[in-house]
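Peer 1: Please work from the sequences and hints to get the whole structure.
In the order they appear, the protein sequences are chains A and B. For the first sequence, this note's numbering begins at 766 and goes up steadily by one. For the second sequence, this note's numbering begins at -8 and goes up steadily by one.
Take every hint as true, because none was put in to throw you off.
Taking lysine-lysine pairs in the PhoX-like style, the calculated list, with each CA pair at most 20 Å apart, reads:
| # | chain 1 | residue 1 | chain 2 | residue 2 |
| --- | --- | --- | --- | --- |
| 1 | B | Lys199 | B | Lys(-6) |
| 2 | B | Lys199 | A | Lys859 |
| 3 | A | Lys842 | B | Lys373 |
| 4 | B | Lys199 | B | Lys292 |
| 5 | B | Lys199 | B | Lys373 |
| 6 | A | Lys859 | B | Lys(-6) |
| 7 | A | Lys842 | A | Lys796 |
| 8 | A | Lys796 | A | Lys982 |
| 9 | B | Lys292 | B | Lys373 |
From chain B, some residues computed to sit far from chain A (all C-beta separations above 12 Å):
| # | residue |
| --- | --- |
| 10 | Leu11 |
| 11 | Val40 |
| 12 | Asn41 |
| 13 | Pro46 |
| 14 | Ala90 |
| 15 | Ser102 |
| 16 | Val132 |
| 17 | Asn149 |
| 18 | Asn154 |
| 19 | Leu266 |
| 20 | Phe290 |
| 21 | Val304 |
| 22 | Pro330 |
| 23 | Phe349 |
| 24 | Ala370 |
Listed next, the stretches of chain A that the computed footprint assigns to chain B, with coverage defined by at least 3 CB atoms under 8 Å from CB atoms of chain B:
| # | segment |
| --- | --- |
| 25 | 809 to 820 |
| 26 | 840 to 847 |
| 27 | 851 to 858 |
| 28 | 865 to 878 |
Don't read these hints as lab results, they were simulated from the structure. Virtual Cβ for every residue (Gly too), placed ideally from N, Cα, C.
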Amino acid sequence: MQTEAASVATRNLVKDFGRIRAVNGLSFEVKAGEVVGLLGPNGAGKTTTIRILSTLLQPTSGQASVLGHDVVVEPEKVRSSEGIVFESTNLYEKLTGFENLEYYGRLYGMDGDAVRSRVQELLDVVGLRDRARDRVQGFSRGMKQRLAIARALVHDPPVLILDEPTASLDVPAARSIRDLIRTTTASEKKATVLCTHNMLEAQYLCTRVVIINKGMKVAEGTPEELERISNTHGLEDVFLQLVRSEVQQ
Amino acid sequence: MRKEALEVLRDRRALLSATLLPLVLMPVVSQLSMLGMSPTIAKYKLAVVNDDSGPMAGLIVQMFTMANGTEVVTLDALPADIGSKLMDSTYDVAMVFPANFSSNIASGLQSRVTVMSYPGSTRSLIALSFFEQIVYSFENVVVAQRLASMQLSPEFINPIALNVTSVGKGGTQESSPLGFMGVFFLVIFVFSAMLGIGLEKSIGEKDKGTLEALLASPASRREIVVGKLLSLLPFGILSLVATIAGLALGGAIGTTIMGKSGASFQMISFDASYLPIMLVVAPVLLVQEAALILLVGFFAKTLKEAQTYASIVTFILSIGTIFTFFLPAYISRWISLVPIAGNAILQNFYISEGFSLFVVSALLIQVAYVVVLLASVLAVMKAERLVTASA
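Peer 2: Here is the structure:
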C-alpha cells in the first residue's frame, strides 16, 4: 500500500542562535487534510520551527520541506504553497479589508477579476463582507484575526501554517476562529500546522499533536494515543505529565 | 508599489508636513532676517549727543536724519541707563560728538566720536555698520579737502588698488548673500519629509508584524525594497518642490515689500543659477536619502533605536553640511565626494566651474553610492536579525 506523501516534513531539524539551540533534531510530518498541532511551553521552539517552514529563517542543519520543495533550496516555491497566519495579524491598518486581501492576492500572483472575486468569496466566508470597505484600523481584534485567516487563504494554498491564531481573543471570538479553521481545513483538505499552547484548542482542532520541549520532540500522536501513553485525561494533563517527565529525565 | 502609494496618500499629516512645512517655513526664515535687520520695517534708532561747538557734527547728524530708514533722537546727554536701552533695542546705536569735533578736524587733527552698540543684537551691529558708512563718507569728503589743500591727489593715501576678478564660470549669487544655503535646506527638508514615512515602512512594519507576512510572501527582497523606495520618492519630490517654491516665495515677498533692494536683505532665497545642477543632483539625492532611511529602519531592532540613528544622521547632515561651507575649497572638494551631504557642496563647485571634469566625476561617485546604499539595504533585509525578536 502506497503511503501518501507528506505535504510538510521536517527531518532532524536544528536551529542555533549563537550558543542557544532553539530547535534540536525535530522531525515530524503533516499530510493533506491533517491538522498537526505543535504544542509546547514558551521557548520550546514552536515559533522558530514555524519561521523555518515560512522560509524566514534557515535551519542550521537538517531538512524542512513543503510539498517536496526544500525551504533552503526552493524558498520561492515554498512561499507560494503556504498560507500563514502569524501571531500578530500582519494587516495594513490604513488599507481596507478588501484592499488588504487584494494586495496579498496580487503578491501571490493573482490578478484582475480572479483576485477580486476570490476576495469577495473569502470576505463572505469570514463574515466581513459588510466591512469590506472599512479601514482595518477600525476593526476589532477578532475581526482582524478573521481577516488574517482570509489573507492566508486568498491564494488557496494547499498548506496552512497557523501560529497562535486565537491568542489574545475573547472566548466567543476564539471559538469562531476555531470553527472557521476547522471548516476550512476539513472542506479543502489542507495540510495544516497549528502552533499553540492552548490545550483546548489543540484538542478541538488537531488530528495529531507533536509535543515539543526545549527544541526536541517529546511525544507525537493523536490526542487519544497521548492520553493512553501518559495515562491521563485531557491534553493539558498529557502535556504536563510528558513535559515533567522530560524535565526529570 | 500601489499598496505603498495608497498608504502614503492616506497619511495626511505626513503629506501636509512634507509640503506645508518648507512652503511656509522658508519664506518665514527669509523674512525673519529682513524683519530683524532691515530698516524698512523698523527704522534704525540712533541716539545722538551733539556737544560739538562747530557745524560739522550737525552736518553728519543731518546726513543720518536724511538717510532712509533712520530715526535720530537728539539728547542733551547720554542717559545713565544707555546700556540697558541698547540691550532692549530702545536705541540701536548711540553716538557722542565731543565739543572739539569740528575744531580738531579744521586743525588737521583727528576727532574721536564715542559710539556704543550692543554686540548681542545682530540688528544693532548692522545699524552700527550703516551709520559708520555715513560717517566714513563724510570723512572721505574731509580727506579729499585736506589733500586738495596740500595739492595732493586721493591716490596719495590709496597707493594700491586691488583689481579683483573671479575665476571659473564666473557665476554669481543672483539674489541673496546666503543663497547657497538653499541647497542645504533642500537636503534637510527632503530627508525630514521622507524620514517619518520611511521609518514607518521599515521598522514600523516590523513592529506591526506586517514585515513577517511580506517576507514570507513570494515577493523577493529586491521587489520589496524597490517598492518601498519608489513609494518614498513622491514624498521627497513633493518636499523638494515645496522647498524651492518656499525659497522663491520668500524672495518674492521680500521684493514686493521692499522693491529691488529687498533682495539684499533676503538672507536666504532661491538662487536660479543653481537650477541646472539641482535638476541633475535631485534624483540622486532623493534615492540616496530614501535608501539611507530604509537602511536605518531595517537595521534598527526597535523604532526607538531607529529614531536615535535617524537623529544622529540628521545632525551629521545638517551641522556637517553647514560647517563644510566654511572650509577651504581643497577640503570641500573631498567632502563633496561624501554621500548625501556631498551633493549640497557639489552644487557650489558647479557655480564656479560648471559641469567640469571634477563635478561630473563627483556626480558619478554619488550615483555609485546609490548602488552601495541599495545593496546595503538588501543585505540587511536578508539578515535573520530582521525577523528574530528585538533585543
